[in-house]
Amino acid sequence: MSRRPVPTGRLRRRLTIAFILVAGIASGALALGSFLEVRQARLSDSLVAAKDEARFDLVLAQGFVQSGNIQGLLQSFQQNRLNVVLVTGQASRPSNPSFAPPIPQTLRSLVGSGKLAYQRLPSGRHDLLVIGGLIPGSKVQLYFVFSEDRIQSDLRDLRNVLLVGWGVVVVLAGLVGSLLARRTLDPVARASQAAQSIAEGLLATRLPVRGKDEFGSWATSFNEMAEALEAKIAALQEAQARERRFTSDVSHELRTPLTALVGEASLLGEHLERMPSEARRPAELLIQDVGRLRRLVDELMEISRFDAGRESIQVDSVDLMALIQAAVRARGWDQQVEISGQDVVLQSDRRRLERIVANLMGNALEHGGGRCRVSVGLNGRRAFVEVTDRGHGIPSEHLAHLFDRFYKADPSRRGSGSGLGLAIAMENARLLGGDIDVWSELGTGTRFTLLLPVMEVLPERAGDVSALPESEAR
Amino acid sequence: MLLVEDDASIREVAALGLKQAGFRVSTAVDGREGLMRALQEPADVVILDVMLPSLDGFEVCREIRKQSRVPILMLTARTDTVDVVVGLESGADDYVTKPFEMPELVARVRAVLRRSSSQPEETTVSVGGLELDPASFIATKDGRELSLTATEFRLLLEMGRRPGQVFTREMLLDRVWNYDYLGDSRLVDVAMQRLRAKVEEDPAHPKLITTVRGVGYRLERG
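One line per chain: the protein sequences are D and S, in this order.
Counting from 25, one number per residue, gives the positions in the first sequence under this note's numbering.
Counting from 53, one number per residue, gives the positions in the second sequence under this note's numbering.
By construction, these hints were calculated from the structure, which means they are not laboratory data.
Treat the hints with care, as some may be off.
[As the list claims (entries may be wrong)] Partial list, computed: chain S residues near chain D (C-beta under 7 Å):
# : residue
1 : 129
2 : 150
3 : 153
4 : 154
5 : 266
From the three backbone atoms N, C-alpha and C, an ideal C-beta is built for every residue, glycine too.
For reference, chain D alone in the conformation it holds in the complex (with noise of 0.2 Å):
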């Protein structure tokens, strides 16, 4: 039994998706903001720190540019631990020269007008903080250099402690919104493979009601419904199951009294020329009538049979050719059958073979004007037999119906028929595995074809009981 498979996976996935996306974004812009933030408060103070110094020494400066002690001026901020870059017109002197990074021209143009500007330059392996002025009453520019370093690795560190942290956040969402999701979906998948079970027929299928949410109420209208679906067609199988052994017991005790009628009527019909004439017509009618309610009894009884599936199938080797004309001799149909065609053998059951055969030429002698031809052959895997009568034709209308039970294309006509035969006759191809096509133009004639096939293996061999289900008989 194959199953369709439940595609709850996207919706799982889908969810988990949007879990790690809330999150992430969240957290992200979390630690986006915060970094920012440190960073701004980290560097801002720097500056502000370097702009005071600058300030207050750049005034200091300015004793010793007007004694003219430049040297002097480099040496007292060496001491102080302060790198500095003095810049006269082109020269710059710096005071460390491990700290001297050149100073750009656009701070120059901008220090040289008389502001004081900065400019951050990464130089080599360090974060400088360059800040300059003109030292007041001259023209001499200088500039402070400072480390920004310990800074700079201060807000890496910050930044890798955040990704790694953010990293972690994401991945838990992934973790907590899948689970979630499995947890919150499964029900889901659960109930819906419930369904397709009771789809496929296990009307047993209940889910099992655990705790008292929304999936435990809908859990429990689910098994209700499943338990009236089933009471349901358990109640409509027995009453089928009751009318079929209606069908098959009545027609059992009509056995009796029509074993009496027919043997009565058949002794009746030995003397019937020594009747008296008043008698003899009814006595006539009532043989003719005996024989139509065997006939229909025997085909009502087969039909509940094969309802009841116990037809059983015996299989055996059997020449199409020689059943068709020895059925045709023991009919005396020799004149008004011709019959033509191939040598087929095939494995199937001769008797219902027979039955068929004669069900659909004996319908051909009578309605298709009292004469047919059989054809017999193999096509591909399937060997056929084709009547062809050239009568009336039967109306398109007709011919979807014609293997219905009961159905006769002409009510008025009174035929030898039950409407019974051509149903058996079908039941009877369909059990051997093969079918009767019907082919009919008005005013040219029909053709019935009993198609049944070689080389398939009918499983029930001889004496077993239990008649094919459809599906493995089609």
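Given the coordinates of chain D, assemble chain S onto it according to the supplied hints.
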């Protein structure tokens, strides 16, 4: 002959038809009475209904067979069920399905009588250790007498007359049962089975009467 049938109408019409055909008929209404009469009063044929009160038709048949080789014809309700096979296996020679017409019953009775009546002009047949004497209806295998019904005897005789030839079921139906229409080949199969059980050393692997697949049966020359 003896007619054992529980339904009054069927019993009366069948008895009437058989009497009109020239037979002397005595009747019984249930299994027990039927068995009693069959064993106590000599009859040429016993016609036995399958569904009988007090004692089942098959049982009666089996009990009669224990003591007599009288030809038994069974009246069964259906052809497609196990009734036929069980009936034949219980020892019946033939069966007639209900409903039946009187001429049909009479014809079958006559056929079964013909089978069981001895024809003195027929000669003894010996083949492969078997000795079949149609005059006395005695069959022996390697000197030992076989207890065969009339039908089984006739079957063996037909095949024994032409050892090595293959007989189809239709041929056997025609020759032994005198049917010239497409009868039920199950008759032949079951009778053959019963025959093998009595004649063969190992009925599961028959050496004397072999099956020719898709065709029929053959009596080996031995």
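We went through each hint and held it up to the structure:
Annotation: interface hint on residue 129(S) holds; nearest CB of chain D at approximately 6 Å, less than 7 Å. Given hint, residue 150(S) at the interface with chain D, holds; its Cβ is 4 Å from that chain's nearest Cβ, closer than 7 Å. Given the 7 Å rule on beta carbons, the hint for residue 153(S) holds: about 4 Å separates it from the nearest Cβ of chain D. For the restraint placing residue 154(S) at the interface with chain D, the shortest Cβ-Cβ distance is roughly 4 Å, inside the 7 Å limit, so the hint holds.
Using the Cβ-Cβ criterion of 7 Å, the hint placing residue 266(S) at the interface with chain D is satisfied: the shortest such distance is roughly 4 Å.
Taken one by one, the earlier hints all hold for this structure without exception.
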